[in-house]
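Participant: Produce the complete structure using the sequences and hints provided.
Chains as they are written, first to last, in our numbering: chain S, 1 to 135; chain D, 1 to 135; chain G, 1 to 135; chain H, 1 to 135; chain V, 1 to 135; chain X, 1 to 135.
Check the hints yourself; a few may be wrong.
Note that identical chains are pooled: a pair holds if it fits in a single copy or bridges any two copies.
For lysine to any residue, the following SDA-like pairs were computed, each having C-alpha atoms within a straight-line distance of at most 25 Å [to be verified]:
(1) Lys97 to Phe132
(2) Lys68 to Asp101
(3) Lys5 to Ile25
(4) Lys5 to Glu17
The set of hints was computed from the structure by calculation and includes no laboratory data.
Number of protein chains: 6
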Amino acid sequence: MATVKLMTDAEAGTIPEVKAVFDDIRETRGSDFINNVWRALANDPEGLKRTWEQVKAVMAMPGALDPKTREMIYIAVSAANGCGYCVHSHTAAARAKGMTDQEHGELTQIIGLAAMTNHLVTSLQVPLDPEFEVT
Amino acid sequence: MATVKLMTDAEAGTIPEVKAVFDDIRETRGSDFINNVWRALANDPEGLKRTWEQVKAVMAMPGALDPKTREMIYIAVSAANGCGYCVHSHTAAARAKGMTDQEHGELTQIIGLAAMTNHLVTSLQVPLDPEFEVT
Amino acid sequence: MATVKLMTDAEAGTIPEVKAVFDDIRETRGSDFINNVWRALANDPEGLKRTWEQVKAVMAMPGALDPKTREMIYIAVSAANGCGYCVHSHTAAARAKGMTDQEHGELTQIIGLAAMTNHLVTSLQVPLDPEFEVT
Amino acid sequence: MATVKLMTDAEAGTIPEVKAVFDDIRETRGSDFINNVWRALANDPEGLKRTWEQVKAVMAMPGALDPKTREMIYIAVSAANGCGYCVHSHTAAARAKGMTDQEHGELTQIIGLAAMTNHLVTSLQVPLDPEFEVT
Amino acid sequence: MATVKLMTDAEAGTIPEVKAVFDDIRETRGSDFINNVWRALANDPEGLKRTWEQVKAVMAMPGALDPKTREMIYIAVSAANGCGYCVHSHTAAARAKGMTDQEHGELTQIIGLAAMTNHLVTSLQVPLDPEFEVT
Amino acid sequence: MATVKLMTDAEAGTIPEVKAVFDDIRETRGSDFINNVWRALANDPEGLKRTWEQVKAVMAMPGALDPKTREMIYIAVSAANGCGYCVHSHTAAARAKGMTDQEHGELTQIIGLAAMTNHLVTSLQVPLDPEFEVT
Numbered sequence: 001m002a003t004v005k006l007m008t009d010a011e012a013g014t015i016p017e018v019k020a021v022f023d024d025i026r027e028t029r030g031s032d033f034i035n036n037v038w039r040a041l042a043n044d045p046e047g048l049k050r051t052w053e054q055v056k057a058v059m060a061m062p063g064a065l066d067p068k069t070r071e072m073i074y075i076a077v078s079a080a081n082g083c084g085y086c087v088h089s090h091t092a093a094a095r096a097k098g099m100t101d102q103e104h105g106e107l108t109q110i111i112g113l114a115a116m117t118n119h120l121v122t123s124l125q126v127p128l129d130p131e132f133e134v135t
Numbered sequence: 001m002a003t004v005k006l007m008t009d010a011e012a013g014t015i016p017e018v019k020a021v022f023d024d025i026r027e028t029r030g031s032d033f034i035n036n037v038w039r040a041l042a043n044d045p046e047g048l049k050r051t052w053e054q055v056k057a058v059m060a061m062p063g064a065l066d067p068k069t070r071e072m073i074y075i076a077v078s079a080a081n082g083c084g085y086c087v088h089s090h091t092a093a094a095r096a097k098g099m100t101d102q103e104h105g106e107l108t109q110i111i112g113l114a115a116m117t118n119h120l121v122t123s124l125q126v127p128l129d130p131e132f133e134v135t
Numbered sequence: 001m002a003t004v005k006l007m008t009d010a011e012a013g014t015i016p017e018v019k020a021v022f023d024d025i026r027e028t029r030g031s032d033f034i035n036n037v038w039r040a041l042a043n044d045p046e047g048l049k050r051t052w053e054q055v056k057a058v059m060a061m062p063g064a065l066d067p068k069t070r071e072m073i074y075i076a077v078s079a080a081n082g083c084g085y086c087v088h089s090h091t092a093a094a095r096a097k098g099m100t101d102q103e104h105g106e107l108t109q110i111i112g113l114a115a116m117t118n119h120l121v122t123s124l125q126v127p128l129d130p131e132f133e134v135t
Numbered sequence: 001m002a003t004v005k006l007m008t009d010a011e012a013g014t015i016p017e018v019k020a021v022f023d024d025i026r027e028t029r030g031s032d033f034i035n036n037v038w039r040a041l042a043n044d045p046e047g048l049k050r051t052w053e054q055v056k057a058v059m060a061m062p063g064a065l066d067p068k069t070r071e072m073i074y075i076a077v078s079a080a081n082g083c084g085y086c087v088h089s090h091t092a093a094a095r096a097k098g099m100t101d102q103e104h105g106e107l108t109q110i111i112g113l114a115a116m117t118n119h120l121v122t123s124l125q126v127p128l129d130p131e132f133e134v135t
Numbered sequence: 001m002a003t004v005k006l007m008t009d010a011e012a013g014t015i016p017e018v019k020a021v022f023d024d025i026r027e028t029r030g031s032d033f034i035n036n037v038w039r040a041l042a043n044d045p046e047g048l049k050r051t052w053e054q055v056k057a058v059m060a061m062p063g064a065l066d067p068k069t070r071e072m073i074y075i076a077v078s079a080a081n082g083c084g085y086c087v088h089s090h091t092a093a094a095r096a097k098g099m100t101d102q103e104h105g106e107l108t109q110i111i112g113l114a115a116m117t118n119h120l121v122t123s124l125q126v127p128l129d130p131e132f133e134v135t
Numbered sequence: 001m002a003t004v005k006l007m008t009d010a011e012a013g014t015i016p017e018v019k020a021v022f023d024d025i026r027e028t029r030g031s032d033f034i035n036n037v038w039r040a041l042a043n044d045p046e047g048l049k050r051t052w053e054q055v056k057a058v059m060a061m062p063g064a065l066d067p068k069t070r071e072m073i074y075i076a077v078s079a080a081n082g083c084g085y086c087v088h089s090h091t092a093a094a095r096a097k098g099m100t101d102q103e104h105g106e107l108t109q110i111i112g113l114a115a116m117t118n119h120l121v122t123s124l125q126v127p128l129d130p131e132f133e134v135t
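Facilitator: Following this line, the structure appears as structure tokens:
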């Protein structure tokens, strides 16, 4: 179904840069499972490495937002961008990091509401209130 | 700039359904400020009422997510949908509800990262891993 | 503000293919006004001609949908695609073709509602009911 | 395929708030069929209720736009937002409310045309003509 | 799966305007294969003709951009618009016109990067530098 | 207009990590000009560094695509995502790297065409031809 082949572990084992990323994904996540997005990106080893490092840095960086909240924000962007794969994978990740059914329900409702008002505002071309300007 | 007139308080005072919503916005928020989206929507009093009730229910409903997190999810959807007005108004709201500069920086980075992987996945048409299916 | 120059009537007069399109826009619309999108497209005379012929064919083709309904559908797509210019120009066109304030209010509400359920469905990755399949 | 379970009628029968919405959908539509979006939303009974009431109010509100036109606008927004499920379900609804093959063909062409000019305008960053401003 | 029937060659043979377009697609491409988008559009013969003429003119017009580069730009837009069918068909076309695996990898990375900075800029509502204005 | 302050050179001079990025931007581009997106991102020095390194790697990586083509792909994604700032800045960059007016015209037409067929395909929910599958 992908526009590229999904790289197997056997193939990845023959390309050191890919193998190193797959190893790091497994170690970072504490799981042997490598999901398809990485197997697709592996066709471009440099792109794979850069993407993984970016994901690792942003999603695991020490900071103020907890891992569950980060995943919920990720779901929100993925839904708005229409990426079904991403909605699925990050909903699974959010649940693994503690998102409850109630939180998932609230998240979904906020996504729907925001989309509604986004479209209302764009339909009406509402001008920015000066009160919202950062001085 | 809007495709409709922005209703002033004087005009709103002559339409009971609009006045009731404006009053409720002021009471709910504890502020006299009515921002432009409501003044634009006021041209359709029923639409105004329905939209405000939806916003009030979803953003103020008792629940598991705190007000600041709700606003951050709202910003994420609004950015992905390209609604500049909404990004501005909900960034102001998130700050009013306690979002720090560091949290804002992290939020921004997650929005950017998610958009990147959303587009990578769509470009490669990555098929869903069966592991992500809800059984 | 555009990324290209907006062609004046004086310049258009020196490029026969552009002049022909501008003349046809004026004749078709029964108005001397040429809005900016055509002045921007005029930098590529063939693109200008092809775009205008497409607009003329689709928006003026004999058919089942009346001109006002066509403009309202145009507004809906433009709002969802976040094109402020297009929302403005087609709202003006819809009004010129008879759209009332009440119809505009209803249109806006449908756009907002559809966006909400679009995002709910994508957030939840709802599978297609077999009942909706065309056999 | 969904990120939540689709609620069966048996389960819905045990949750009064869900049962009430399912009953109202059936009565309003004069059909026993409950499509998947409602079965997915049912995991969050309050969200289900709020969404259904919004859909019912906007799509069935007394007004100037006929039911068929409302569904066609809904299709337009859903296509632009890339929601395949919504395109399918509202195309079925529009047909049930009288949309002919010719009207569907014209609708499709307007959606395609609008998207084309939306992207041309954004590519060229065309500035708004003062003539389109609402004074 | 489509919302319309996909027209077979047997049916197309009975509608002269459709047959003429199918013949031209086959001749232009030097292949007997007609992909599904044309079979879906064929339900509206005028829309089919107009769409094919537009595709033929833009993608085959004599010009400065080579066919491979045109297809890569097409992929980029299709990915950003979330059209999986289009990503697939134009990735196949780009490969047929010489796109290498390395070029595909670079294309994918640029698409992902652009999406990231697009969302960063929108999240931060960065104002345009006067240096970018066309004078 | 931004939701954050735009960092001046004076302020940047007091934050070593920001100063290092600004210095590298100036050296890499051979120009003293730092555009606003970097001044906005500078509020989050780590995010600034990561974003700049990603841009530098992808846009300047040794590869098969020339710098002008890379910028044109960037413009295509930015237009589809509705980022006006990005369209402006990358159109300027593409011109600086040799994009002619004719190439710009062709690029614009391809963006418009792709958007049109993207929306036609999504409106009709065209199923993927097995011929496009990567085996």
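Participant: Pop the pair Lys97 and Phe132 into one bin, within, between, both or neither, using alpha-carbon distances up to 25 Å.
Facilitator: Close across copies (15 Å), not inside one copy (34 Å); limit 25 Å.
Participant: Classify it for me, Lys5 with Ile25: is the Cα-Cα distance of at most 25 Å met within a copy, between copies, both or neither?
Facilitator: within (20 Å within a copy, 29 Å between copies)
Participant: Give the relationship of Lys68 and Asp101 under a CA distance limit of 25 Å: within one copy only, between copies only, both, or neither.
Facilitator: Both ways: Lys68 and Asp101 sit 13 Å apart in one copy and 19 Å across, limit 25 Å.
Participant: State whether the alpha carbon distance between Lys5 and Glu17 is at most 25 Å within one copy, between copies, both, or neither.
Facilitator: Within one copy only: 17 Å inside, 39 Å across.
Comparing the model with each numbered hint stated earlier shows that all of them hold.
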